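Trainee: Chains as they are written, first to last, in the working numbering: chain C, 1 to 212; chain S, 1 to 231.
These are computed hints drawn from the structure, not numbers from a lab. Among these hints, one or two may not hold up.
[Said to hold, decoys possible] In silico EDC-like cross-links for lysine to aspartate or glutamate, where the CA-CA straight-line distance does not exceed 16 Å: (1) C:K33 to S:E211; (2) C:K147 to S:D182; (3) S:K146 to S:E211.
Predicted model only: the values in this text are computed from it and were never measured.
Chain by chain, the residues:
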Amino acid sequence: MSIGTFSLPALPYAYDALEPSISAQIMELHHSKHHQAYVTNLNNALKTYSTAITANDIPSQIALQAAIKFNGGGHINHSLFWKNLSPSSSADANPASAPTLTAEIAKTWGSLDKFKEAMGKALLGLQGSGWGWLVKDGNTLRIVTTKDQDPVVGGEVPILGIDMWEHAYYLQYLNGKAAYVENIWKVINWSTAEQRFQGDRDDAFEILKASL
Amino acid sequence: MSSSLLRTTPLLRAGLRARAAKPLAAMATTSFTRGKATLPDLPYDYGALEPYISGQIMELHHSKHHQTYVNGFNAAVEALAEAEAKGDSKAAAAQAPLLNFHGGGHVNHSLFWENLAPNGKGGGGEPEGKLLTAINQDFGSFENLKKQTNTALAGIQGSGWAWLVKDKSSGNLCLVTRANQDPVTGNFEPLLGIDAWEHAYYLQYQNRKAEYFSAIWDVINWGTVSKRFGN
Chain C
1 MSIGTFSLPA LPYAYDALEP SISAQIMELH HSKHHQAYVT NLNNALKTYS
51 TAITANDIPS QIALQAAIKF NGGGHINHSL FWKNLSPSSS ADANPASAPT
101 LTAEIAKTWG SLDKFKEAMG KALLGLQGSG WGWLVKDGNT LRIVTTKDQD
151 PVVGGEVPIL GIDMWEHAYY LQYLNGKAAY VENIWKVINW STAEQRFQGD
201 RDDAFEILKA SL
Chain S
1 MSSSLLRTTP LLRAGLRARA AKPLAAMATT SFTRGKATLP DLPYDYGALE
51 PYISGQIMEL HHSKHHQTYV NGFNAAVEAL AEAEAKGDSK AAAAQAPLLN
101 FHGGGHVNHS LFWENLAPNG KGGGGEPEGK LLTAINQDFG SFENLKKQTN
151 TALAGIQGSG WAWLVKDKSS GNLCLVTRAN QDPVTGNFEP LLGIDAWEHA
201 YYLQYQNRKA EYFSAIWDVI NWGTVSKRFG N
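With the rest of the complex left out, here is chain S (with noise of 0.2 Å):
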C-alpha cells in the first residue's frame, strides 16, 4: 500500500521529501518507515476560501483533522513495522483497517487541498479543454456533472466522500463515493474530491449541508483537475 500512495500523490511526496533526506526516486521504492508523512501546507491562506468555507474551518480541518490522520497513518506505519520485525503476523493485520483509515484520510485531504482554490484565483469556473469535452461526454454538460454530483454528495449515509474520477481502463469519467476515509484506489484515478465529513461543512452550514455542497463549486481549482486528468 506505501509504495502505491507513494506513486500516486504527488503532495505526499512532497511531504515525505521534506522530513526524509532522501533522493525521491530512492523513496519511492522504499517502506513508509525510512521517512514519516508530514502534513503538506496549505496552497493558499486559511481565509482565501470564504465566503464559501469559512477560515475557522479550514484551519481545524487543516491543522486538527489533517494532522490527526498523519499522526494515525504513521503511527500504523511504525506499529505494522514492528509486528514485521517481530514476524507477529496477527499484529500486522491488526493495523490494516488503521492503515486504511488514517492513510486514506492523508491522501483524501492532500487530495482534496490542491484541487480547492481562492475563487478568480484558480477557484471556481468551469472547466476547460479536453476535461470539458470529457465531462460533455460522459455527464451531458458541466451543469449535469454538478448535478449528479450534488446527488451523490447528498446520498452519503454518514461521512465519505465523492470523487470525479477516470476509468483507466475506459477512459471514461465517472462519480463515485467512499465511505468514511476509505481512499479511491484500483482501477480508478481521483481527479476531483469533495469531503462530505460533517467537520468540513459543519460550524458555517449546520444541517443545511446542501448549501455547503452548492457552494463548493466556487472554489473548485479545475486546473488541478486538469492536470490529474492529463496524466
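For reference, chain C alone in the conformation it holds in the complex (with noise of 0.2 Å):
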C-alpha cells in the first residue's frame, strides 16, 4: 500500500508580515517548528500505520489512531489557520471582503462586534490547549471550541480558526491571552473566510492535497 507524504505548506506572507499582532518570533516557531513537527510525527504514524494494515496488525492499528489524530490535526488546523490571516494593511484584512458571510454573521449574532464578543469568550473559556472554529454547519453559522489538536472533521466547513495553544501567543503576550484575541481580529483573511463559507469542505481542506 503507497501512501503520501505530507510536507510543510508555505506561508501565504514573511514571517513578520502580521506584526505587531502576531510576533515575527512566534510565526517562525509556529510554522517552521511547531507545524512541521506535526506534518513529520503524521508521517511517521502513517508509514507505520500502512505497515500494520499490510500486516493485518488491529491492535497496532487501533494504537496508532491517537497519534494520527493529534498530528494529523495539527496538520490540518495549523494549514487553515496560515491561510485565515492576512496582514492588517491588506485588502483581506478587511470584513469588507467577505460581504455575504458578514451578512449571515450579522443575521444570526446581530452584529459583527457581537459575533467577535462570542468568539472571544469562546476562546478565552477553553481549558487548556485548543482551537475556536467558526463553522458552517449545514445553512448556520456557529462557534465551536476542539480540544488540542482535534480537528473539524464532523461535516461541518471550518471557516475561521483561532489558535489558542499558548505557543499561539505567549512569548508576546504572555499570560494575557485577552489581548492576543482582542489582537488578531486585525489580522483575519475575510477573503479566505468568504471563500470557504461560499464553498464546502472539500474547497477548505484542499490545501491539505496541495501538502502532499
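Using the supplied hints, reconstruct the complex from the two chains, each of which is provided in its own coordinate frame.
Mentor: Below is the structure:
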C-alpha cells in the first residue's frame, strides 16, 4: 500500500507580516517548528500505520489512531489557520471582503462585533490547549471549540480558526491572552473566510491535498 | 470535593489558614466558602531555580497563572454556594468543570512549587532511603524512572501534567499523566508533579520541550517527594 507524504505548506506571507498583532518570532517558531513537527510525526504515524494494515495488525492500528488524530489534526488546523490570517494592511483583512459571510454573521449574532464578543468568550473559556472555530453547519453558522489538535471533521465547513495554544501567543502576550484575542481580529483574512463560506468542505481542505 | 482537597493538601490548608481566622480542625470539616483559597508563597525566590527555570517564568507562573486559578476557584465555589442556597441544581452542576479546572490548577501548582527546590539547596541529586528502594523495585533504577517520566511528558497531547504517584491499594509507584488541570485523585497519592503546560517552559525553551524535561531533574526536591511517599 502506498501512502502520501505530507510536507509543510509555505506561509502565504512573511514571518513578520502580521506584526504587531503577532510577532515574527512567534510566527517563525509556530510555522517552522511546531507545524513542521506535526507534519513529521503525521508522516511517521501514517508509515507505521500502513505497515500495520499490510500485516493485518489491528492492535497496532488502533494504538496509532491517537497519534494520527493529534498530528493530522495539528497539520489540518495550522494549514487552515495560516490561510485565514492576513497582514492588516491588505484588503483581505477588511471584513468588507466577506460580504455574504458578514451578512450571515449579522443575521446570526446581531452584528460583527457581537459575533467577535461571542467568539472571544468561547476562546477565553477554553481549558487548556485548543482552538476556536467559526463553522458552517448545513446552512447555519456556529462557533465551536476543539481541544488540543482535534480537527473539525464532523461534516462542518471550517471558516475561521483561531489557535489558543500558548505557543501561539505566549512569547508576545505572556499570560495576557485576552489581548491576543483582541488583536488577532486585525489580521483575519476575510477573503479566505468568504471563500470557505461559499464553498464546501473539499474546498476548505484543498490545501491539504496541495501539501502532499 | 472541597473537604478532600483540605485533607490532602497541606499547602492549601496553610493558604486558607492565613486568611480565615479559624482553627484548622474546624476548617477541615467546613466548606470552602468559609474561607477563600489564597496563593501560597513560593518556598524560594523567583530566580532561585535558574538556570533550569528562569526567574521570569517562575514569576509569571506563580503570580499570574497560579493566582488566576485561585481566583477562578474562589469564584466557582462562591457560585456553587449561591446555587446551593437557591436550590438551583442546574446552576450548581454548571460549576463542576470550573471547580475541576481551577481547583485542579490550584492543587497542582501548590504541589509543584513544593516538589521543586534550588539546585544544591534541596533540589537535584537523587532520591534516597525507602523512596529509592521503591523506585528501584518499580522502575528498575532512578535512571529508568527519569527516562519513563520524560517519555510520558513528551507524549502529552496538549496541556497537562505528569505525576509520580503511589497506588494506595498496592503501595506501588507508577507514572500517570493528566490533561489540562485535572488533579490526581482517587486511588493515587501524588508524590511528584511536573507541569507540561507551555507556560511552564516556553519563554526559556520555546518548542524544545525535551530540554526542559531534562533540566527539571536538577531542581526536583526529593525531600518533599520522600515525605509524601512516607505518608
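Trainee: Of the numbered hints stated previously, which ones are contradicted by the structure, given in increasing order?
Mentor: none
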